[in-house]
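Chains as they are written, first to last, in the numbering used here: chain A, 1 to 470; chain B, 1 to 470; chain C, 1 to 470; chain D, 1 to 470.
Derived by calculation from the structure, the hints in this document are not laboratory data.
From a predicted model like this one, the values you see are computed outputs, not experimental measurements.
Honestly, I wouldn't trust all of these hints.
Said to hold, decoys possible - Each computed PhoX-like pair below joins lysine-lysine, with the alpha-carbon atoms no more than 20 Å apart:
1) B:LYS373 / B:LYS350
2) D:LYS316 / A:LYS339
3) A:LYS316 / D:LYS316
4) C:LYS316 / C:LYS373
5) C:LYS339 / B:LYS316
6) B:LYS66 / C:LYS339
7) B:LYS430 / B:LYS278
8) B:LYS66 / D:LYS66
9) D:LYS339 / A:LYS66
10) C:LYS454 / C:LYS430
Protein chains: 4
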Amino acid sequence: MLAEIKGINEECGVFGIWGHEKAAELTYYGLHSMQHRGQEGAGVVVSDGEELKAHKGLGLVNDVFKHADFNKLSGRVAVGHVRYSTQGGKVLENVQPLLFRSQAGSLALAHNGNLMNAHKLRGELEGQGSILQTSSDTEVLAHLIKRSGMETNEESIADALNQVVGAYAYLILKENKMFAALDPTGIRPLSIGRLGDAYVVASETCAFDQIGATFVREVLPGELVTISDEGIKSTRFAMREQRKMCAMEYVYLSRPDSDVNQVNVHASRKRMGIELAKESPAPEADIVVGVPDSSISAAIGYAEMSGLPYEMGIIKNRYVGRTFIQPSQELREQGVKMKLAPVRGIVEGKRVVMIDDSIVRGTTSRRIVQMLKEAGAKEVHVRIASPSIQNPCYYGIDMSTRDELIAANNSPEEICDIIGADSIAYLTEKGLERAIIMEKTIHQGICTACMTGKYPVKEDGQTEIMYTKC
Amino acid sequence: MLAEIKGINEECGVFGIWGHEKAAELTYYGLHSMQHRGQEGAGVVVSDGEELKAHKGLGLVNDVFKHADFNKLSGRVAVGHVRYSTQGGKVLENVQPLLFRSQAGSLALAHNGNLMNAHKLRGELEGQGSILQTSSDTEVLAHLIKRSGMETNEESIADALNQVVGAYAYLILKENKMFAALDPTGIRPLSIGRLGDAYVVASETCAFDQIGATFVREVLPGELVTISDEGIKSTRFAMREQRKMCAMEYVYLSRPDSDVNQVNVHASRKRMGIELAKESPAPEADIVVGVPDSSISAAIGYAEMSGLPYEMGIIKNRYVGRTFIQPSQELREQGVKMKLAPVRGIVEGKRVVMIDDSIVRGTTSRRIVQMLKEAGAKEVHVRIASPSIQNPCYYGIDMSTRDELIAANNSPEEICDIIGADSIAYLTEKGLERAIIMEKTIHQGICTACMTGKYPVKEDGQTEIMYTKC
Amino acid sequence: MLAEIKGINEECGVFGIWGHEKAAELTYYGLHSMQHRGQEGAGVVVSDGEELKAHKGLGLVNDVFKHADFNKLSGRVAVGHVRYSTQGGKVLENVQPLLFRSQAGSLALAHNGNLMNAHKLRGELEGQGSILQTSSDTEVLAHLIKRSGMETNEESIADALNQVVGAYAYLILKENKMFAALDPTGIRPLSIGRLGDAYVVASETCAFDQIGATFVREVLPGELVTISDEGIKSTRFAMREQRKMCAMEYVYLSRPDSDVNQVNVHASRKRMGIELAKESPAPEADIVVGVPDSSISAAIGYAEMSGLPYEMGIIKNRYVGRTFIQPSQELREQGVKMKLAPVRGIVEGKRVVMIDDSIVRGTTSRRIVQMLKEAGAKEVHVRIASPSIQNPCYYGIDMSTRDELIAANNSPEEICDIIGADSIAYLTEKGLERAIIMEKTIHQGICTACMTGKYPVKEDGQTEIMYTKC
Amino acid sequence: MLAEIKGINEECGVFGIWGHEKAAELTYYGLHSMQHRGQEGAGVVVSDGEELKAHKGLGLVNDVFKHADFNKLSGRVAVGHVRYSTQGGKVLENVQPLLFRSQAGSLALAHNGNLMNAHKLRGELEGQGSILQTSSDTEVLAHLIKRSGMETNEESIADALNQVVGAYAYLILKENKMFAALDPTGIRPLSIGRLGDAYVVASETCAFDQIGATFVREVLPGELVTISDEGIKSTRFAMREQRKMCAMEYVYLSRPDSDVNQVNVHASRKRMGIELAKESPAPEADIVVGVPDSSISAAIGYAEMSGLPYEMGIIKNRYVGRTFIQPSQELREQGVKMKLAPVRGIVEGKRVVMIDDSIVRGTTSRRIVQMLKEAGAKEVHVRIASPSIQNPCYYGIDMSTRDELIAANNSPEEICDIIGADSIAYLTEKGLERAIIMEKTIHQGICTACMTGKYPVKEDGQTEIMYTKC
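Please model the complete structure; the sequences and the hints are all you need to start from.
Laid out in structure tokens, this is it:
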């Protein structure tokens, strides 16, 4: 039971638009561009000024929306959400935006992040007689807003936000207002754009490019933005000293064409590869190979800096989707390949530098090293374009418990042995910072808790960084 | 908005089983036999003693359940529900049983009926900070149970039931207990059966026959039945003077093979036809024709009593389902038929007595009379096997507002004109009682509010019949 | 292999329309009304005068056609087909109309019936180098037409028809002409109607009623009707002495509202019940019960003639469709019911006359008798409204091999024992003829081969009835 | 009509396996790895030694096959096919392998290529009374085999192959034998591999890697390979002077990890980029960008040779599939992106070398150049890694008519203008040959007809290269 009511809201994407005839359709395209952030389910809630209407479903954005659906989703305002696929909770009731109706009006919420005190708040709410219908953190916030009897909506929302602790980017929709809120430490990304007269809010800037919108600015840590027909208004519910943007957004989570905290993701990855090549060269190697798709940028950076040729030594089957029939153990043992396959003609007889973005449990790395060796690679030197992950994330990234993290329990030498590589090296924390934080004036800092154990926010609301509730 | 949050829980069917290895499958068959009570959606919640699991969907029982679903629905206990198709509310969130999870355990509810004070209770709950996610009355009861801080479950449920007013049959499931409750006036049907060692509860007795179970007894008005591994236990939360079973269950709602309040439905319908023939003969007519399916029994009764031959003058297309493509207005005008069609070879040149179970808005009757005349019927004498419906139902049957009821605004002569018949007659209230209440010792009374305006329960909880909350 | 290439084209329905803007849609409604003749697959081929376009699929008419499909099926001419569900051949390639394209133009064929010499013709065609892609007889005719080098289409078709032997009703479509043909003995039904200026052809007249068309006349045995923009034209490819319409069309195959050979089917069934009551009364019985749906008419006739009350002692679940999950053997043994269920409240303690239209293998009859007895029937007297079936049908009705026919191998007394009845009686051949052939001037005769062994057509083309190829 | 019966069998993939328990499943994985060769439909035919069984469908391999399907596809032998999506012919009847049954046994055919004289042969066959049911060339070969009355299968097939002219790779299956055949000029690829004791045949070698099989050799031009339980046997039906492998297989058609005529495709593409950088440098440019996916290898080659950095300036949305809702014209004009999107953070203010594999109609190139400029690229220098395409292909690649080929009607300067680039250059024919044909001893030659107009085979069967029918 516990597992089921533990709040789970990870690696999702949110999108909102205010003031466009085709609000629902543009939300579809915006969500589509953020599909990589969540493939379990998708949904949209539209407002025509009078009423909120929802359309949601399990599966990819393309599965959930059919062309005819947009006829029923008229309205100039919409919020949408794509949800990450976690084990256990794959049920329609958890697909967001959550929509709550009452005699006083409706409320829709879309959330990316994780609340550290959700379980405690849920217990308190239930003790007071509330019934929560989903296992998502998002519903907790809805109840807190409802119970906060403040006069204006902004006040009720700010009051509720000051009760929750964690990392979050929220979009909240009422019939005649949209709110965007970011946690006081700014761990998750959330940006504002414009499309003609319309306002757009999205987790990743690639959603703006997708629909032809222009980036305006990021939502600030501790900021509550209100968008309505009267325009945009900003209030602060908390002040922070320094932002700590999740480093994993750069390492593997965001799309390479997005700018996160105004730094292009592909460019940061390529610099990770360049820094990695400086720190840990492999001078005897013949070729550099990246694990598709997220490690290609780093591999190209490594190749450029090292002077080794970049080669397509691993290929990813583009057609492996959720309906792919997984080969049985028997067939796998006979050599039937899955999603990734080595290119024998490229790697045979070669000393390969294999670039990957990160190692979590080590099982995938072991499989890829083995695959390359079976295809004839003479040596495989693994280079990881980020520091080793030794700590769980409490801010919304699903990366297993500490027990499962291979680097939490093994030295790099032991990991090298386990995955069967000829050498291994990780990018250092300093190297990662150099690659991401180019200009201090713009970028204020990254959260590296999963690598370094330095957690910027604690469950009791204490933070490394001082901030003041407003 | 009002319409959407008005409680709507009409003409549904509930089914529960305690103590059988195949609980979910038997619930499927039970629901299947009550499919006529609700075609919008279906669902089941099972308990394996530790946890409740739900499986629900929009559509027919056959659409919602696939064979493989039962593998995931293990457990010896289950409650199920079929939901009536009303306009507007066709959304998955309203499909029952509703399942509410909390840190203290889960609660599932399945409901047939209508709460008259649901809107008022909903307003009070929202005023106290509760969020209700569906537009169904059933959720109101769940919140009332949750908020009632009584010691035992029975007490919390009894306390909640004493706050609601209306007609209802509830099945409530916790991990280790099942509850069945009936409103103090007993307007809706709910019966208990046995299948080997297992207990079964269902809206209609045809569900017992479907799975090979035996009828034991009905749940009594104001009774709360608790079923657990310790057996069956009865408490009363209210005492009533006289039961008032909904007359429409006999007239058209229940399946002919069900016994409602221990009276067989087909037999009661045939007696309605017999009484009708006595009261309103049509001596000049050639043949008796029934409108399929629900009026066939009455038509046969009318034919037997009158001595006229029963003929199949109207045929119903068995394959018209929800995927049937409705003919356009243009094609309908050219004569393309829909669900019902006249049999020219039977009715041509004949004086027809057309038996129907009831007239609500009159549009269907007009279409059928016209259809018979176009097929050559010389005269059409309409005989209705129930009194005219002049009042809306507040107890769970969706029969339009008073404005739409043809008999609320027109005399029989006017109706005869409107529908184009050559004569019309309704069964009298006395005739209906004679047909249904055969033996006073068993059957205590019927609710005929929609025909007579005598409402046994008022919205303020006052009843015609005296009863005492326990 | 043999089984697979044996021609199978049974109990199907054909529909054609010439000269209506909504040809494809009207074909949909026409096929829909003949759904009972074939539930395996359905299809339509339209002509816009230039080109033939097909739309076909496995399943019910409603499954095969979606509203949007009609947009792609423009044209004022269409032929359609519903196909009976036989074991083994449920593949899309066998769904009709079959469409053959060649550089000289296209040809579509829809067929109801069975060719007795199909296997032989198929062998000859293959020996000459032809490749046949389906296992249907219909394709054989297409090859024969193609190979017949006659000058006009009528001549080629007539030449081909004179090579095939059996029972058939064909609709054949070219870009600018439609042909309808009936076998020289007229075993299968095929009628012509009008809808405004349009011509309609259909297996059953209920299709005319469905779309508002008027019956004009039947296609004559051995007649080839040509319909084009120049009107309707008739030629004879063979002359027959006397028509022999399949008796089973009346007994159970056709819809009760159809007229077959100008005799209404329901009326003929009721007369079968009347004749049966005269021949084989059951004076001690309490009630008459029919097996739904096809035996209800006969049961009402039996009740009327015998003076016993007709009661709804067996109910058919309307929602059992192809997606119904069949109960496992274990659940069936525990009493879970399937499609038909007894009504305990009606049959308990009663001596029941159970009317069925026919007995083929006896397994269903045994199950129903047992069901009635388990529901408390004191006695069950089985009365069959047709003579016993002792011989296989070679003319298009799938009724098992002789070994499986219970009446081929057992006396009535033995059958009575096997099915567990208290008495049994069949309608005589004379009784059947009296019930069907009311007016000799109209109706010329029936084929009772499956009952009497008098086969009107032999595989070598010899017929009981003399006819001359034209 | 003509268009519809013109043989269309383009850019497909074939797969066969002999002698493995899991023949159908391995065919699924083999076809899956060749999904890029055809996304319209897929199918498999298995033999259990007695009988051929087919499973086919429209859509991707994943759509067509469900896990349970393999239960019905037992047998140690299988052939499979993926079909390219062409306009118009998207019907199930064209999905291969085609399966023809006759009283003498069955025959399945899978085909990659195009027959130049298919239309003529089809006319002759129809003139002789044959009916062809599909619009595919493959059926023509089946009829020719059937009509060739030779004694052994090999002889009938060889006789039929000597009547057809064009480019083809065939797999032909009978109950107890599999045949693989390649056209005398060897334009299309077809290779033989082994998996344990089993033989495998496939269009691309990536299918061998996918299932863990080992490459043995290619099928030779004009060779007919017979595989049975007695092993593998080779005959020649025609002798050729020099093979002419389709150059487009390297340029864009094959998967980068395949070896075509024993040359790795990725490596050849990278060399095309290198040759292109030598021939047509862009010294003033800042970055090199490839159009995903097929031009990435060439772009990396160009970057390596030129010393310019390779950057991910264009990103491909991985989730755009067939169910993607295409943006309306209105939304596209407002800037909504489709499959490909520029990365503003990378290209803004840069002089970009944009590498593409080829230009056919020019519309895609124009859109990408415009996209890059809108994202801020200062200059866009287009470099095409193959010679310009000026001639239609008659050998199985669907590349529009001559009228649509932009290079057939415009000079490079005009094309540069049309697509809005700042400069353009194509790889020369010599450069292409250097990139592909590394070692003359292995690789014998390429067909560059679409670039050079040198057609190695004419419709009348005359070839540039001399060969002798055996």
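* 20 Å limit on alpha-carbon distance, applied to hinted pair C:LYS454 and C:LYS430 -> With Cα atoms ~14 Å apart, C:LYS454 and C:LYS430 stay inside 20 Å; holds.
* Asked: Going straight from one Cα to the other, do C:LYS339 and B:LYS316 come out at no more than 20 Å?
  -> Since the Cα atoms of C:LYS339 and B:LYS316 sit roughly 18 Å apart, the hinted pair holds (cutoff 20 Å).
* Asked: Is B:LYS66 close enough to C:LYS339, meaning Cα to Cα at most 20 Å?
  -> Holds - the C-alpha atoms of C:LYS339 and B:LYS66 are around 18 Å apart, at most 20 Å.
* Asked: Does A:LYS339 lie within 20 Å of D:LYS316 when you go C-alpha to C-alpha?
  -> holds, 18 Å
* Asked: Has the given pair, A:LYS316 with D:LYS316, been kept, meaning a C-alpha gap of at most 20 Å?
  -> holds, 14 Å
* Asked: Holds or violated: B:LYS430 with B:LYS278, Cα cutoff 20 Å?
  -> holds, 12 Å
* Pair hint outcome, B:LYS66 versus D:LYS66 [Cα-Cα no greater than 20 Å] -> holds, 16 Å
* Given the proposed pairing of B:LYS373 with B:LYS350, does the C-alpha separation stay at or below 20 Å? -> Holds, at about 10 Å.
* Between C:LYS316 and C:LYS373, is the straight-line Cα distance small enough, at 20 Å or below? -> holds, 17 Å
* **20 Å limit on alpha-carbon distance, applied to hinted pair D:LYS339 and A:LYS66** => holds, 18 Å
The structure agrees with every numbered hint stated previously.
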